[in-house]
Every structure is written in structure tokens, then in C-alpha cells.
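S.K.: Read off the chains here:
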Amino acid sequence: MKKNKYKIILILIMYSFLQGCGTVKDAFSSPKKNSTDEFLVEKKSPLVMPPNFDELPLPKSDQVEEDQKIENSGSLEALINNSSRSQDSTIQESGSSNQSIENSIIDKIKSN
Amino acid sequence: MILNFFNKNFYIYLFFVFLIFISDRFSKIYVINESVKNFDNFILKSAYLNIRLIWNDGIAFGLFSFDNKILYNLLSLLILIIILAIIYMIIKGNGFRRFSLTLILGGALGNFYDRVFYKAVPDFIDFHVNNFHWFIFNVADIFISTGVIFMIMIEIIESKNEKK
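From first to last, the protein sequence lines are chains X and Y. Heads up: take any position in the first sequence, counting from 1, add 142, and you land on the numbering used here. Heads up: take any position in the second sequence, counting from 1, add 94, and you land on the numbering used here.
Honestly, I wouldn't trust all of these hints.
Unchecked claim - Okay, derived cross-link-like pairs now, BS3-like style, lysine-lysine, Cα gap no bigger than 25 Å in a straight line:
#1 X:145 x Y:163
#2 X:144 x Y:254
#3 Y:213 x X:145
#4 Y:131 x X:149
#5 X:144 x Y:258
#6 X:147 x Y:163
#7 Y:131 x Y:258
#8 X:145 x Y:131
#9 Y:257 x X:149
#10 X:144 x Y:163
#11 Y:163 x Y:213
#12 X:149 x Y:163
#13 Y:186 x X:147
#14 Y:186 x Y:254
#15 X:147 x Y:254
#16 Y:257 x X:144
#17 X:147 x Y:131
#18 Y:139 x X:145
#19 X:149 x Y:213
In short, the hints are calculated from the structure, not lab data.
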């Protein structure tokens, strides 16, 4: 009787070595193993102001200064002249751009 | 006794071992190819049975899963010794005991082949009821388990006969 018990235990030990069944945990945890190592990712350095940042000119600072001068002078004529001058310049710019577009279209039609 | 075994039933038992080994190999190759083709380990999903490929580099139930190569080779050597012991028991044994040992040998050789060539055993049969999953196993494990159940039954019957 005892001999048979030992034999059964021996068979079960042998069984555990010969079997190749895996746990369910392996099936669900395997993709995690392939994930990247978080310690290999380098940290970004903090933002730093460039050297001589204060010496750089502000954008459109000349235009602002000119407007301020006119406003300070207080004369109505100067203000009207300034506005008409700026309108003329915008019309001229738009006109020239329209002409250039027209010319390019005409050139393309001719080439075809 | 040894000469007697080789004369009588040697080819029948050899055919049994070969049949188990081939059926196990065929199933493993099919599942591995399917998972490679689909870029997914999940081959089949159903209410009670999933076919999902996992690799077990340890022994039963995922135990003794080593990253160390020396320990893995030692484990493989131990399994080889057990296989040789089974072959010896088949030659020495008789009748139904020999048949159940043949089932164990066929399955053991199937798993040992993977252990040598892939360095891990592919498992893919996953029985489950809702969220309760049984251990994932393969065709070789089915034959080993059947053989072991038969062996335990033989031992229990023999012990009862001795009592009488």
C-alpha cells in the first residue's frame, strides 16, 4: 500500500516536469514585457531665455513710435495726412498684387 | 525480457509514440504559423475555448520559469533523464501499464523537442468559463495527462488487489 502511494507521488512529480502548460497570467502579461524602459527616456531640459534677449527690437516698434509722435503733436492735419497716406499705400499694394495675378493668368492662358 | 519486447510489440508502440509526436508537432506548427500570419497570438475566441499562443520556458503550470540559461539547461537535462527512465519502464513493463507509459513518452518527446529547438514550449488551448481560465496547455499535455491518469488508476487498482 505504502509502495503504491510513493509510486503515485513519483508519477505526479514526473508529470509536473514533463508537462509544458503555462499559466493564464503569462498570456495576459506577455505584452507588458516588451514595453519600453521608462528609465531610458531622457528628460527634456527646461526652457531658457536666449542671451541678449532684452536688446532685440520689438516687432513693428517703428510704426508704433511714429503713430505716437503724431498723436502727441495733436494736429488734425497731420492725422488726416497720415491716414490718407496709409490708405494710398494699401490701394497701391492691392492694385499691384491684382495686376500681378492678372498677368500670371494671362501668361498661363497664352502658354496653353 | 528486452529482446522479447523488441520482437513482439516494438513497432506498434513506436508507431504510437510517432503518431502522438507528429499530431503534437502539426498542431504547434499550425498555431505558430497562424499567429505569425495574423500578427496576433489570439487565433480563436469563443465562449468556452480560446486558441491563444503563449510560450512557457518553465515546467508545468508555468513553474520554474528561468531567465538563467544554466538553470534552464539543467531542467532540460532532468527532463531528458525522466524520458530515458520512461523508455526503460516501457521495456520493463507490460500490458496496459506499457500503453499508458507510451502515451506519456509521446507527449514528453513533443514538449522536449520544443524545449531544445525553441527554448520554450508553445501552449495554446485555453478552456474558460466566463473569467475563470484553466491552465493553457497543448496536445502533448493532453497525452501526458491521460497517460498519468491511467498510471495512477493502475496503482490504485493494484493496491486494492494487494489488500484482498
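S.K.: Work down the list of hints and note, for each, if the structure agrees.
M.R.: Now for the hints, and whether the structure bears them out:
no.: 1; hint: X:145 x Y:163; verdict: 37 Å, violated
no.: 2; hint: X:144 x Y:254; verdict: 12 Å, holds
no.: 3; hint: Y:213 x X:145; verdict: 36 Å, violated
no.: 4; hint: Y:131 x X:149; verdict: 45 Å, violated
no.: 5; hint: X:144 x Y:258; verdict: 15 Å, holds
no.: 6; hint: X:147 x Y:163; verdict: 35 Å, violated
no.: 7; hint: Y:131 x Y:258; verdict: 60 Å, violated
no.: 8; hint: X:145 x Y:131; verdict: 51 Å, violated
no.: 9; hint: Y:257 x X:149; verdict: 17 Å, holds
no.: 10; hint: X:144 x Y:163; verdict: 38 Å, violated
no.: 11; hint: Y:163 x Y:213; verdict: 10 Å, holds
no.: 12; hint: X:149 x Y:163; verdict: 31 Å, violated
no.: 13; hint: Y:186 x X:147; verdict: 20 Å, holds
no.: 14; hint: Y:186 x Y:254; verdict: 22 Å, holds
no.: 15; hint: X:147 x Y:254; verdict: 12 Å, holds
no.: 16; hint: Y:257 x X:144; verdict: 12 Å, holds
no.: 17; hint: X:147 x Y:131; verdict: 48 Å, violated
no.: 18; hint: Y:139 x X:145; verdict: 45 Å, violated
no.: 19; hint: X:149 x Y:213; verdict: 30 Å, violated
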